[in-house]
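Q: Based on these hints, arrange chain B on the given structure of chain A.
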Amino acid sequence: MSFYLECKKMKRTGLVPAFFCGGLLAAAVPVLNMAFRSEMYLGLDAPPIQILMEANWQMMSMLNILLVTAGACLMYHTEYADNAIQRICTLPAKESRLFLGKSAFLFLMCAVILAVEAAGMAFCIFHWFGHFGGLWSVFKSFGYAFLLMLPAVFGSLWIASACRNLWVSLGISVVCIFTATLLPVKNFALSLFFFAMPFQILADTPPQAARRFMIAAVAELLVIAAGELIFLKLRRSFT
Amino acid sequence: MYMIETKNLTKSYADFTAVAGISLHIPKGAVYGFLGPNGAGKSTTMKMFLGLTAPTGGSFRIGGKQFPRDRMRILKETGSFIEAPAFYGNLTGEENLDIVRRILGLPKSAVSEALELVGLSAHRHRPARTYSLGMKQRLGLASALIGRPPILILDEPTNGLDPVGIHEIRTLIRSLPERFGCTVLVSSHLLSEIELMADRIGILNHGHLLFEGTLDELKFNAASQGFPTDNLEETFLALIESDNLQRGGAR
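Chains A and B supply the protein sequences, listed in that same order.
Residue numbers 1 to 239, in my numbering, belong to the letters of the first sequence in order.
Residue numbers 240 to 490, in my numbering, belong to the letters of the second sequence in order.
FYI, nobody ran anything at the bench for these hints, they're computed from the structure.
Chain A side only, calculated, beta carbon under 8 Å to chain B, not exhaustive:
hint : residue
1    : L5
2    : K8
3    : K11
4    : R12
5    : T13
6    : T78
7    : N83
8    : C89
9    : T90
10   : L91
Non-contacting residues of chain A with respect to chain B, defined by C-beta distances greater than 12 Å in every case (computed):
hint : residue
11   : F36
12   : Y41
13   : A55
14   : Q58
15   : M59
16   : L108
17   : A115
18   : S137
19   : F146
20   : P184
21   : Q208
Remember, predicted model here, so these are calculated numbers, not experimental data.
Even for Gly, the Cβ is constructed at its ideal location relative to N, Cα and C.
If we strip away everything but chain A, and leave its shape as in the complex, we get (with noise of 0.2 Å):
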């Protein structure tokens, strides 16, 4: 119900295009990347996926996560704009739900521009490298992928709920990405911040490291979901 309600609050605000358009922006990065400069890659002893996941993911993430902030401040700026999120405070509907609505419409979108990514990423290994049998190797770096950008999800609507002007929490998401890209990918601490996990490439990663990104990755939803809960809960009493 909730997750019907915020599709059809996203109408006409152009969040669904700029989504699927910010997806194909990012899929053509390494479409371009090796239309340009394939020379640079075909050599290289290394499986195709690993070797343009290298070249181009630092750019693809950054775009994704680029895009998820923006669409998290948007649908909070839908709530806050004319106030309607009062009104839906004085329906029986929980305020968490709402969160969780979004994040779960937000979920879809990522799966939907991972998806126009993975695409690309195919097109390339087929064209380029003409290897047929990667399409198993590409579905789990966008599987991977797609886990460890779920926390960067729930942190940005949980920055985009907690502030009622649209700059405001637009200015503290991009903070946080440009900090994220600050950060060495190569170190598991850092590596944690919730803007920084999606900068990770599993086929550069040993399997040991990649259990732990996900599992840290689901701690990271409980967590800043059960911060969403209690922020919510103290927000009202003291407003």
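A: Frame of chain A; chain B shown alone:
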């Protein structure tokens, strides 16, 4: 039986008390006018009834249900309009009401009925952000009235309406107890507005309840305290002025 009953309801912030231990008694099927100057604590009281802000003291019951234990049940039976119309600007009037309808679990026909009630049917397919202030106000009222809730909490519902609109909404509010069996709590800072709608009134100033009763009782009380009673507006102003003086000239 009282539909809304408060006991020493209080809301304090760090160094400021917005509502100071008020005890309201709103009978079932009445239109109760909640009067007070700006900043008297009317909206804060209404927000507490709706769980938008937590009381710091006292308690209240709505429809026999205790807050906060039965908050969800209270909200299911209460239509509200607080301070200003609240809506999704990117959605049409109809879509806005449909969201409320789905959350309340009402039939589809409830949307058309609510739009009809406030005279917004002709503009149902326009995005709400393109509405005039008066139309937004009507949309907010439709959102409160949808599903004919037994309790209505309306905070200055005629703000921004033209004289014809004010008359229409006033007539509508006045008719609600008879038509739908509603109990209405309506706030305003204008006595002239309230006296045309309300059966009972409560006057609030600086968070304190100065008076509760019928308009006749107000006149009687005012006369006994030496306040003017020819004009209710003057009675109200004299009551507020006197209370302000007692509180050390605070306005």
